[in-house]
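**Student:** Now for the letters of each chain:
Number of protein chains: 2
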Amino acid sequence: MTIRASIHHQNLDKIFYPESVAIVGANKVSGTVPNDILMSILHANFNGVVFPVSPREKFIAGVKAYKYVIDIEDPVDLAILVFPSSVCHMALEQCGKKGIKAVIIISAGFKEVGGAGIDREKRLIEIANKYDMSFIGPNCLGVINTDPRTRLNASFARKMPEEGSIGFLSQSGALCTAVLDYAQAKHIGFSKFISFGNKADISEIDLLYYLAEDEKTKVILLYLEEVSKGKQLMLAARDIIQRTGKPILVLKSGRTSEGASAAASHTGSLAGRDDICDAAFEQSGIIRCYDIEEMFNRAIALTYQPAPRSNKVAIITNAGGPGVLTTDAAIMQGLSLASFNETTSQLLKKHLPATANTKNPIDVIGDARADRYNAALSAVFNDPDVAGVFVILTPQSMTEIEDIAKEITVVSEQFDKPIYTSFMGESDVAPGIDILQRNKIPHYILPESMADAFATVWQFEQIKQKEWFHETFVDNVLFDKAHMVFTNVNAKNQTYITEDLSSEILQAYRFPLPQMKMIQSQQEALNVAETIGYPMVMKVVSNDIIHKSDVHGVTTDIRSPEEVRLAFQTMKFLMEQEAPNAALKGMLLVQQVEQGIEAILGIKHDPSFGHVMMFGLGGIFVEIYKDVCFKVLPITEQEAWEMVSSIKAAPLLKGARGTNPKDLAAIVDCMLKLNQLVIDFPQIKELDINPLIIHNEGKGCHVADAKIFINLQSELQSKKSKEKQ
Amino acid sequence: MTIRASIHHQNLDKIFYPESVAIVGANKVSGTVPNDILMSILHANFNGVVFPVSPREKFIAGVKAYKYVIDIEDPVDLAILVFPSSVCHMALEQCGKKGIKAVIIISAGFKEVGGAGIDREKRLIEIANKYDMSFIGPNCLGVINTDPRTRLNASFARKMPEEGSIGFLSQSGALCTAVLDYAQAKHIGFSKFISFGNKADISEIDLLYYLAEDEKTKVILLYLEEVSKGKQLMLAARDIIQRTGKPILVLKSGRTSEGASAAASHTGSLAGRDDICDAAFEQSGIIRCYDIEEMFNRAIALTYQPAPRSNKVAIITNAGGPGVLTTDAAIMQGLSLASFNETTSQLLKKHLPATANTKNPIDVIGDARADRYNAALSAVFNDPDVAGVFVILTPQSMTEIEDIAKEITVVSEQFDKPIYTSFMGESDVAPGIDILQRNKIPHYILPESMADAFATVWQFEQIKQKEWFHETFVDNVLFDKAHMVFTNVNAKNQTYITEDLSSEILQAYRFPLPQMKMIQSQQEALNVAETIGYPMVMKVVSNDIIHKSDVHGVTTDIRSPEEVRLAFQTMKFLMEQEAPNAALKGMLLVQQVEQGIEAILGIKHDPSFGHVMMFGLGGIFVEIYKDVCFKVLPITEQEAWEMVSSIKAAPLLKGARGTNPKDLAAIVDCMLKLNQLVIDFPQIKELDINPLIIHNEGKGCHVADAKIFINLQSELQSKKSKEKQ
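Read top to bottom, the protein sequences are chains A and B.
For the first sequence, our numbering puts the final residue at 725, and the numbers step up evenly by one.
For the second sequence, our numbering puts the final residue at 725, and the numbers step up evenly by one.
Keep in mind the hints are simulated off the structure, nothing from the lab.
Since the structure is predicted, the reported quantities are computational estimates derived from the model, not experimental observations.
The reader is advised that the hints may include incorrect statements.
[Stated by the list, open to error] Here are some chain B residues the structure puts well away from chain A; computed CB gaps all over 12 Å:
1) Pro148
2) Glu413
3) Asp669
[To be verified] These stretches of chain A come out as covered by chain B in the derived footprint (C-beta under 8 Å, 3 or more residues):
4) 331-342
5) 475-482
6) 613-626
All residues carry an ideal CB built from backbone N, CA and C; glycine is no exception.
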């Protein structure tokens, strides 16, 4: 933990559990933000003292006001700044002098407006550093803590939410108002509710760690528009999930380039690829959500009900059609239908009418009243194969909607298995849904959402079981040898490493390379050919030629001295024709390896998550089917195996259709070496092994071609110093 | 149109627009189905006469009752039967005698319960046939017609829906109650609302045609659990879309095998493959939906607002985050963001504050009141690049929710472009949403649903433009030659056609086959080899061996007389070892065609849609990536081209990555010949051309191997006679 992070950690308690709060910039004008916030705090019956600070007023809403924060006689735990952005820094300076450690800066007009706003924001950070203060914001909606010990609504949201177990963090303030409105209608409660705005000082990472410790919070929800600290987010998520078992759900917008540029226009950040974000979240156990409703649909399942012990559900419905729709939804989400044992079947037959369907999905028939639902529920809950129950209701003329809702509530408490519901319709079923929601029985409008929520909880059970931290190091590598090549290339200000040198680097890291040698003349080629052996490949090498095949710079399948001569002469001739200005370093003679499956193994650099490894089969598999897998570095051996298995074409590698299984261990070995290489030489910007030729099991694999691009050390240093500013 | 269909067509008017209705089986017991239906009709203020028919009562609810339907003095247009299933046929017989042509049979206890129920249902059909009556049901909820000329609620639904333009058809009665409840809350109106139950007499096809003619219906919605008459459904859909331009939305459940078997348990029908259902719907212009909400989200877009003229939308929001989420949703649905011209940009800058984002998505900022929404709306509606507008609202403390809703309603009426809305939240925004819904402005909870609805309307505009009927016939085929082979095979009671004969059939239909000849001895093989030329392939031929490669029954790449001898001897030996009981017909010598891309072209028989053509690239493409395309036969030339283009691997065929484009026209030619072959010989049950080897453009393609399976004529006849029963 950095020093600032540990300071934040102490100060965050003062933000959420202050005994005294100063509203700096308060006024008497109803409908303005400063007045709304003061009223929010007073109306929520805050368990502490409020000090309005206003240069003009003696009192506001019956509460004594102070000219400056420094004038307050008593100690102040938390200051809320709602001053205009141009004078915010003065107010913050005064807070520092007063000894206030925790501040919420509501005011907008900082980094998000660009120009002078960026400087104003920097100034706030300097002042906070000077006084060891921590602040949330600027440009945020504020903070809510429903804990009855404090009951703080330090926000200009219209309403104080109910108490609950969901901790909600949002980069967007406006979204919060929609979320609070949505949640209130559904009786969804929150432990803490935080709009963190520009996150100039306290970031989502600090807040995640805080909610991880917060005993009132069971599930953490985060809305993000930009992932600025991707690696830290991943580490925090893994750590929190492992230590506390709390699920973290993230809604990250800007999935498309158009969406990302809309987000950038108000966050100013560079967006990475969305599929890399998917991979990074998956790698760290984060549950990614794609809309607000999905997020809450899953959150209520995670907080309201026990986790299932398997993926087998029982479906109870009073209507055949919706039963079929729900079955479809369950299966498509990877769930399966529980098979009832004899006892259950007998009980169902006994309590349900002859026309009822006692198989799963159970149809209690349209005229079912509460007693039939009760009988079916009790029967299936007792069945050992049933891990959870989906209850469907349609409002038919004799359906006792409220009674059935109450029955569900009662039965649910008797069993340690989850129950989810879907009362289909809207007006007539509303009183029943209200009963369910008040009693923390998850209710869903669509069977798809219900099945998705169940699948998410089940998936999170697997995530919790996963062992994360087994970093894999490869130690039998020749670091010094590779280092020398990198240093030489860097000294020459080259960002592209030619194949002769990239091969040296890969050889130093013990990648399986075919035999090869640089030659300068035809005679040398003929001599070298004898030692390498036929067939072989000849390639031109030049700093100026990255894509050799564009200039006919590769000849394959050379099988005789005559063909060596021919290849040498032809390629030299073509080079002169097609790339007359390229400086030729020589030709590379390479042993031609046996055929096998061609794969691509590479490294990219993502602006959010840093180095990312990519794996897929060559050519059309990546280009047409987008069948490619990403992992953020560093990767563990387990993750390397996951990469090999997670492409759709994996059956081909494993030996589908009667073919021989390929050497998967050799691929994993290359991945771990590549991982080590990039950890050791972070100046690598991009690296492509294409193709990596994979042979049958036990026969290894071969790097047939590799490109490396680096960042020059000078550029890296200037980047770092910029980041420090 | 069949005779029955034309009778139904006349009688359906009496079902929806009766001047007099008899409720046969009415009673005085409130809460029972017969009483509920009588009350529904009376409460809806039916514009006609109601005659309760009850063996026991003199009057019900103040209305004179009759002992038998035959006792009613006046003519009766429509009878509603709610008698126990065991005596329903007697009531129906009486209706026939009374001259009633239109009947709704609500009673359950027929085909859906199996056994005697099936016979009871057959009896109803016989009676209906005898009297030229038509009936809906049995086992249904009834029928609603909101047309003020009639106002008929002949159902036991709890409520009469509002008048509107949506015609709703459902196989499930119980689902109807949920739909009515859902629709009422959202002010969604219906023209006709029909639960058609077991569809023993009047089917969904009859009802589709009726709604196509119904001037009150603009959009047709259909919930189906089984597609029993797939071909008819396709023809009806195409015809209706082409003639009337009315969209048809179908929610077909039973997508998974578990769902299908749950559906089968209460419909008793055999389910086809869901991807074939997808293909069939797409082929006929049907918009397939996957849940009730999606169906209505699309239906309101289709009925409430004009269709867009392009896929370019403007987004107006008062919150950045939701703007980003909506942009993502739009792009992911294939829409694009409109680019504003100079006039629009100037107008936006003039009317919005400096901090607002005047680019698309437009952010009118959290404190926006109705005037800003109005200014932004008017500006973008006038922009020629904008085809439609998405309006987002989050409930911030100063947001004038109802005023903005009203403003949207007013502005919307001034322009012939669609406007869709999403007021995010729930309680606070509810009054605004209510205004929108009453004024037929589509409102969506999720931006995803909004974008999907827009994309659906835009897609339907393309569907309407499509030209459907250009059936393609191939006439230069040798029908008689193929017919002889089929007759011979049939005569031998064989269902598998060996390769020598299947090749004869394909040759007769002028498929591109390599040269080939059957041989019986090694010497003959050597002689034939000289005329066919090397390299060649040798294959065993036996009625008992379908998968030749399983018994090593194929030798490829035979390049000399010596290799011919070796192949002949080895295969003969292996046959004796591995398939000692198989009767060998001989060996087939086949010219080995040049390499090319391997495809699979085949015919399957689907229980719902009949013959289906399948096309994909060979091996892993079909098996691993499921990259395969289906079309229901007959196909047109245009559809054949669509098949070639619609597989994901199409770029490979078209010449991706510097390769030569392949001979697509040759594939299309094979598809049309295959189409013709199956039309001419419907006894074909399954046909697989695997591989079809596709060469470069202009070089054609070759059938390298083909299997044909047929239904014996005797089986077909018994099937047909069963269907007639």
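**Student:** Of the hints stated earlier, which fail here?
**Tutor:** 5
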